[in-house]
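All chains, please: the whole structure from these sequences, using the hints.
Given next are the chains, with one letter for each unit.
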Amino acid sequence: MSEQFEPVIIGFTCNWCSYRAADAAGTARVKYAPNVRLIRLMCSGRLDPTFVIKALAGGADGVMISGCHPGDCHYIDQNYKALRRVLLLRRTLKGMGVEPERIKLVWASAAEGMQLAHEIDSFIEEVRKLGPLGWPKWNETDHGSQTIDDEQAPVAHGQEAEVTA
Amino acid sequence: MSENEKTPNERIGVYVCHCGSNIAGTVDVVGVRDWAQEHLGKDGVVISRDYKFMCSSLGQEMIEKDIKELGLSRVVVAACSPHLHEKTFRTAAERAGLNPYLTELVSIREQVSWVHTDKEVATQKSKSLVAGTVKRIIHNEALEKLKVPINPNTLVVGGGIAGIQASLEIANGGFHVYLVEREPSIGGHMAQFDKTFPTLDCSACILTPRMVEAGTHPNITLLTWSEVMSVSGYIGNFSVAIKKKARFVNEELCTGCGICVEKCPKKTIDHEYEAGLGYRKVIYTPFAQAVPKFPVLDAPNCTYFQNGKCKACEKFCPTNAIDFTQQDQILNVEVGNIILATGYDMFDARRVTNYGYGRLANVFSSMEFERLCNASGPTGGEITLRDGKTKPESVGIIHCVGSRDKNYNNYCSTICCMQSLKFAHLVKERTGATVYEFYIDMRTAAKSYDEFYQRILEEGTLFVRGKVAEVSDAAREPHEKGKLIIQVEDTFIGKQRRIPVDMVILSSGMEPRADAKQTGQLFGISCSSDGWYIERHPKLDPVTTMTEGILIAGCASGPKDIPSSVSQGAAAAARVMDKILQKEVELEPVRATVNEEKCSGCRICNNLCPFSAIAFIEDLAVTRINPALCQGCGTCVAACPAGAISGTGFSNEQIFAQIDGLLMSI
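Chain order of the listed sequences is A and B. 165 is the number that my numbering gives the last residue of the first sequence; the numbers go up by one with no jumps. 666 is the number that my numbering gives the last residue of the second sequence; the numbers go up by one with no jumps.
There could be a bad hint or two in this list.
[As the list claims (entries may be wrong)] According to the in silico footprint, chain B covers these stretches of chain A (three or more CB under 8 Å from chain B):
1. 8 to 18
2. 34 to 47
3. 50 to 58
4. 107 to 118
[Stated by the list, open to error] Simulated restraints, written as ranges between beta carbons of each label pair:
5. B/A514 <-> A/K94: 41 to 47 Å
6. A/E126 <-> B/K406: 25 to 31 Å
7. A/M114 <-> B/K263: 58 to 64 Å
8. B/K406 <-> A/T50: 41 to 47 Å
9. B/I206 <-> A/Y80: 45 to 51 Å
10. B/S665 <-> A/G97: 21 to 27 Å
11. B/N410 <-> A/Y80: 26 to 32 Å
[Stated by the list, open to error] Going by beta-carbon spacing under 10 Å, a handful of chain B positions derived as facing chain A:
12. E110
13. S113
14. H116
15. T117
16. D118
17. L129
18. S528
19. D530
20. Q658
Calculated directly from the structure, the hints in this document are not laboratory data. This one's a predicted model, so the numbers in the text were calculated from it and none came from an experiment. Note that CB positions come from ideal geometry on N, CA and C, so glycine has one too.
Here you go:
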């Protein structure tokens, strides 16, 4: 059990709905897996796709983006722009050999602590199934294959994996 | 990388809070403190401390002392959510001479200790979060709050008792109020009730003086038969477009004499005020004490509008006030604050099909019963069966219709127990009938409420504890013939009972307005999963919302009785006046700015701003952002291909550095 892969998830939440949903989950003592670390943005529309690439490049195995429900955006409709960017980003990542399932967009209102916790848990399970991110190692030129076999995977991500081991 | 260029010559203090055992119970606080001191020194951490309650004055003083004595230039407090104590610590830092925006909170309570159980993992996560914020704060800039003047006018939406109270408080304080009500008269649901619990004073008698006061107050512009169409702007400076629907009555000329109503030859069922039990004319005032007194012409039902003939009202009007050519008008008003007192809808008892409302004639909804009791109602206050003459000899009152039921609404509507007890009293008093109350739990928790319950018990009302399964007219025994049979499990004796009665009253609960979500979107506030508006804090900030300048009062945020609605109206008014008296409002300086040297003039950002804060300067071929209009969402920042727009407080450098910190090996 203790040997199972523990993915590292970076989450981006908007200040108004989803960060408050995380607060609400805390206040209600709703338990969820500790693999996620949240970054607060004012709006999901602030999500620069490079944040996601940066997180993945830095060792995250998945990135969750969370905003207000469509129509409920504190900034009227900026969460739709987040939606567009995420869809495009998933396609781009797919082209780069990264499973698009590593990026998840979640709508959560300030009242939905329970739902957010549930979404976090299910996303962690999805990423756990995908395994560590097989990001090409730019500095290991002779490696040839992009696939990292099972034994190497924990080593490649050993340090990050230990964060939550 | 660019974020590493800024070498940390900052002096950072890290403060880890135990929050009693709230954090320390799940996180090794001392471990986090030592780790930060040891491993984040290269990032500029010069001191790391822990304390039992960092938000206490001693905790704050400790930070202030360090800022002064150790010359800290940045402060990171690992404690609760920034939504709770960010202001506390930023103010403390400011007292010590540090710009408040150089202090950041790390939420290791809501995001760690309260949601995780494994202490080791929780401690590691706390370290990551602290590392993220330490790396981020190096890039924080000293910011100044923006100050904008506040418009002293206020918009109150909804003219029920909560809205009336809020309007009167503000108006009496000397400030102007626009009170908008979509019905022809203010008064709300309270105007429909007969008696109010627990005092049993007549609802109209206590309400109408307030209505008249609101209608005649020099500081209140009353806009009934009107609806808010659009809202733009921000706290202190909202622009609101209000549609004043055509009344077809010239308010300047009308004296409210009522001759038009008398002469109108057409009647229609009054669904709004009489709950479908009575009729009203096509030109009408909803009730005798309506404020304003001007009638409204119901155009879709009017004979003249249907086939071009009649005009009886116009012929008989002594002041020529009837105007068939009147059009809807759009009024634009400027206000500084908005109070939403939009109220509730009664739960539609038809949805509980097994109780037979709408199918069995003598099953009444609670609002129908209110109108039956009311001396100005369709029966002149006689409690009768649907035939309008037979007095009931036995009455069953069913609680929790649509409330505390996972098929409809999970919440308790709070008023129905008291409402049902009031009904029991009125039935007893006026008909002498045998009254049964079918309840799940009796909830009478407010001043003088339980005493009222005791009184009703003493009056001889019969209480059956159990949720009613069905109301039917299918008799099994001779004595059930012609009656409504209430099938219920009496949980005190553990048996199924069939209780035949003449009349059933369904004590319906409250529901959010059917259009609450759209209204919320119009004003930029959101609803809970039940559909009620969310308050900024359910206990400590019940009348404000997440959107500055938009307040809520009364049942808009959940079921309430009259005293609570009145209190909320007054509380919201006090909040508004507090803002007005400050004369200017401070806005968070989280804003986007364009570096014009980097701007290529591509205009990609130009269409992204929902607040029209972005303008393209043709001469210079660059884009500029108006800081007063910018709300700081950052969408344009993320979109700029040249990286020419930066978002203060949430810059790329800050976020990149935070990602680095969060992913640091521990």
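Check each numbered hint against the structure and report the violated ones by number, ascending.
Those not satisfied: there are none.
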